[in-house]
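Novice: Residue numbers (the working numbering), protein chains in the order written: chain A, 675 to 1397; chain B, 195 to 466.
Please note that the accuracy of each hint is not assured.
[Said to hold, decoys possible] Distance condition first, Cα-Cα at most 20 angstroms in a straight line; then the derived SDA-like pairs of lysine to any residue: (1) LYS218(B) with SER207(B); (2) LYS365(B) with LEU1248(A); (3) LYS218(B) with ASP432(B); (4) LYS218(B) with ARG351(B); (5) LYS302(B) with ARG262(B); (6) LYS365(B) with GLU1325(A); (7) LYS365(B) with GLY1219(A); (8) LYS1282(A) with GLY1219(A); (9) LYS365(B) with ILE1233(A); (10) LYS365(B) with ALA1236(A); (11) LYS1370(A) with GLY966(A); (12) LYS365(B) with GLN1322(A); (13) LYS365(B) with LYS1370(A); (14) LYS365(B) with GLY1250(A); (15) LYS1282(A) with LEU1310(A); (16) LYS365(B) with PRO1290(A).
[What the hints assert, rightly or not] Computed footprint of chain A on chain B; a stretch qualifies when at least three of its residues, placed anywhere within it, have a C-beta under 8 angstroms from a C-beta of chain A: (17) 364-376; (18) 388-394; (19) 411-425.
Since the hints were derived computationally from the structure, they do not count as laboratory data. Ideal Cβ positions, reconstructed from N, Cα and C, are used throughout, including at glycine.
Now for the letters of each chain:
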Amino acid sequence: MVDPLNGGPRGVPEPLALPVDPHLVELPAVPTDDPGWILVEEGFTLAREHEVESLFAIGNGYAGTRGSLAEGSALSTPATFVAGVFDSDANSLPGLVSTADWTRLSTSIDGQPLRLDRGHNLEHRRILDMRQGIFWREWQHQDEAGRITRVRVLRLASLADRHLLLQSATITPENFSGRIFVDATLTGPVVQVTSSGTTVAMAVARRVMNPTDRWTPSAELIQGRQGLELRLGETYRLDRIVALHTSRDTADPRETARRHVERAIDDVAGVIGDHKDAWLARWQASDLRIEGDPAAQRALRFAIYHLLSAVNPQDDHVSIGARGLSGSAYKGHVFWDTDIFMLPFFILTYPEAARSLVMYRYHALAAARAKAARLGYRGAFYAWESADSGEDVTPPFVVAPDGQVVRLHTGEQELHISADVAFGVWNYWRATGDDRFLVEAGAEILIETARFWASRTEHGDDGRYHIRGVIGPDEYHETVDDNAYTNGMAQWNLEVAAEIANLVAGRWPESWQALSRRLGIEPDEPRRWEQVARDLYTGFDERTGLFEQFRGYFGLEEIDLAAFVPRTAPMDVLLGRERIQRSKIIKQPDVVMLIYLLWERMRPEVRKANFEYYEPRCGHGSSLSPAIHALVAARLGYTALAEHYFRQAAEIDLADSMGNAASGIHAAALGGLWQAAVLGFAGLRFSGERPEHRAKLPPSWRSLAMRFQWRSQWHELILPEGA
Amino acid sequence: MSKPIILVPLDGSKQALAGLPVAKVLGEIEQAALHILHVGEHKLTADELRSRLGRDTSVLNDFTIDARVGVPAVEILRGVGEIKPRAIVMCKHSGAEGEKMLGRTAMKVLHDARCPVVLVPPERGEAPWHLQHVLVPHDGTPSTSAALQPAAELAERGRAELLVVHVTDIKTAPAETGSLTTPRYVDQPQHEWPAWTTEFLNRLACICPLGHLQTRIFLAHGDIAAEVLRLSERQSTDLIVLAWRGIWEAPRAAALKNILREAHCPIMVVRA
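Please construct the entire structure, taking both the sequences and the accompanying hints into account.
Specialist: Pasting the structure below:
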């Protein structure tokens, strides 16, 4: 059953009692010991370093820092990204700015640098403490002279004060006394100005605590370099706090950062305590507990951790890029990933953050209108890839690994992005009942996207409306006519816009009049949308119950994907671009995606028939694919198949051995994984006025428990009932 | 520090001379001394050797000539032990043995020598040779990266372009930790391929420093030998560099054998 809760969500059970390592008390916090909350990387494999940096990234939605080694390595790429701050030059597309490396901490003993690639690493462990949002490191190193040194580090991006980044490190000579030299200077400029004039400023404060617990605020320390005389067994601790501000949030970011960090350095314990409390509060709302399947539990917490690390409810001009704030790939660009794959998690467990994400789309409306107008259409055609302004920043071409230059059509042809944005907006409003948002922003998005569809459709000789020359979610097939997903979502968009127009006109007439005047909405326009929706070609065959993915799809070459099992490469790489376009192999769910999103509109036999037809033809060439297959399979009762896809989705980052995660985690796949568990296995639905569920948990899942918010009311879901 | 040495074994056959132009260029690039080691039934003087080779003697002026008597493979390997060459350059086979892949002597040298061995097809004759494109197949494993350091250094010193072809085994990913294979998911190729290529080069460079080397990456799948040979033809490769773990018996080294059999350009084999 789904139990409404009075007041806020109840607390997550405390983790297991910790057998505290006595050495760790020297740091100002203690790591979580419960394996369900931590990710551990033992040892050191140089070639894996970029993957580890992505997986172990910390973030708070304002900034994100990769889990790089403080002293560096031959393959370290330390980076801190600031959400919403992009830079480009005349020859490049905008990409997220990377600030100075504030984590750098190099140490040398009698002139010998302390590094993983020198001497012997007696112990080396990195821990991502998802519960507390802290990156930990423990390292015991023996140099070539036999000196053993222990180093411990914690690092966090404060969730309580998003402008603060903190690193605390201890160093202990375990079998020697000697002079060490610590260099904690920042690498890179502390003040940067982007090509669009945004200033990013960092200010840093440091202090060293000696073994007698006295803090050293010396001048040379302020500069970041200091020599220290260490005695056998005594521990020194270096705290470093960075304040990060930009001209997006303050008039004088440099001065604001300076003042901010001066205050913070005097209360390191307070900064850490507030951060831990903030994470605890977040987990109380967003945690998903699985009993009986530790791997699934950890994968879901990993997903939630990175989604929470990437969002900022305090800034509705930023969204979440494809790799969050964990890596440079995709340049921080925002895709439909956010609206369709990530947003449901936030809507149900963190509505304030969801609101900021949908408001980002509202702020991008002007650019979407301009894009539509440039192509000769009305309304809003959203950018396939967007950065800070909402303008389309999709690259025009790609150089394939075989050297072939391939022209990209996604920017002009993946029209479905506009319906995806509208769907996210409607989904948010439906779940939250945030009427103010609807009236002030959401309705405008729904109307402008509907207008786009109404102008983009062509009336054919058959008396139907058609949408020609598009790319659906299945990007293996370009420039196709009447893509089922695109047309289906456009139809939905047109109908819902008409409904919302009538709703707003009836319930908030003054607001509607103002909106009508501002947008020039003609009185019969909503009726026209309804008419286009009614006569829009959908590719549905009543006889078979199948949607044809696009005109001519059923006539394409049949290729048995089972003949390629096992395989390690995507099918378009194996078959080549031309062959794959002539085949029925699809990259990711297209019709199945439509079935999922418009579930309540589909008859049960239609859902089943289409899944059974398209699932065997999907090559899963996208990281977005396995989770949606898991979700739909779970809803249809194909539990074993759903579990197979769920595991595949869970492994995209966590079992990465293919380098995919080297330049960032897959934020949409993580959002999809959460959806597969909650909207798939748990079967949570919102078709009526009250949430309900039709759970089909995997056999190994003894229970699933979570909380979610529906129309300002917290609910508790515990499965199986009575567990 | 003494000059490095490029060793060129000869057996008196005309086919064996195919190694000379290759050795000469490699010697210039490596600033190495060139050392001919002739093994025959009778010990010859340098003049007798020149006469026997029937060559313009000036061509051989750059070479130190060392004539020995005995079993060729044994004497060559003895010479390798004595002079510790940076590389051995020799003809794949003399033709007399009727083999297309490797002669017995070349096989023994390849198997027992620890330095890189450059095997030259006899059909290229004595035509001048240049080093502009070096082709390296790479399975994405750290151990292959490490093995390819001599190739990268050679290409950089010779100002040649390094062409790295990643030939994917589509059935199984390498088990070695830190291996990089073809990405399983290519969400948006405009972002995914540049990121993957950068990552591939970064991993290669951190284990096998590339310096200022000009490098291009190619992706292929299917039969490794066929793909390497196809790309070699298409890119007019001057040298193919192969890492070999030292096991010749089937089913191992299948790609090496096929490439040795079919390639029209010299092949450098380095030990992984």
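Novice: The structure should be examined with respect to each hint, and the outcome stated for every one.
Specialist: Hints, verified against the model:
1. LYS218(B) with SER207(B): Roughly 18 angstroms between the alpha carbons, so the hint for LYS218(B) and SER207(B) holds.
2. LYS365(B) with LEU1248(A): holds (11 angstroms)
3. LYS218(B) with ASP432(B): holds (14 angstroms)
4. LYS218(B) with ARG351(B): holds (15 angstroms)
5. LYS302(B) with ARG262(B): Status holds; Cα separation ~17 angstroms.
6. LYS365(B) with GLU1325(A): holds (18 angstroms)
7. LYS365(B) with GLY1219(A): Not OK: LYS365(B) and GLY1219(A) at ~36 angstroms, beyond 20 angstroms, violated.
8. LYS1282(A) with GLY1219(A): Holds. LYS1282(A) to GLY1219(A) sits at ~9 angstroms (cutoff 20 angstroms).
9. LYS365(B) with ILE1233(A): Distance of about 18 angstroms is within 20 angstroms: holds.
10. LYS365(B) with ALA1236(A): Roughly 12 angstroms separates the two Cα atoms, so the pair holds.
11. LYS1370(A) with GLY966(A): Distance ~15 angstroms between LYS1370(A) and GLY966(A) Cα, so the pair holds.
12. LYS365(B) with GLN1322(A): holds (17 angstroms)
13. LYS365(B) with LYS1370(A): violated (33 angstroms)
14. LYS365(B) with GLY1250(A): holds (17 angstroms)
15. LYS1282(A) with LEU1310(A): The hint holds at about 7 angstroms.
16. LYS365(B) with PRO1290(A): holds (19 angstroms)
17. 364-376: Coverage by chain A holds for the segment 364-376 of chain B (10 residues, Cβ < 8 angstroms).
18. 388-394: Since 7 is at least three, the answer is holds.
19. 411-425: holds (count 5)
Violated hints, in rising order: 7 and 13; the structure is consistent with all others.
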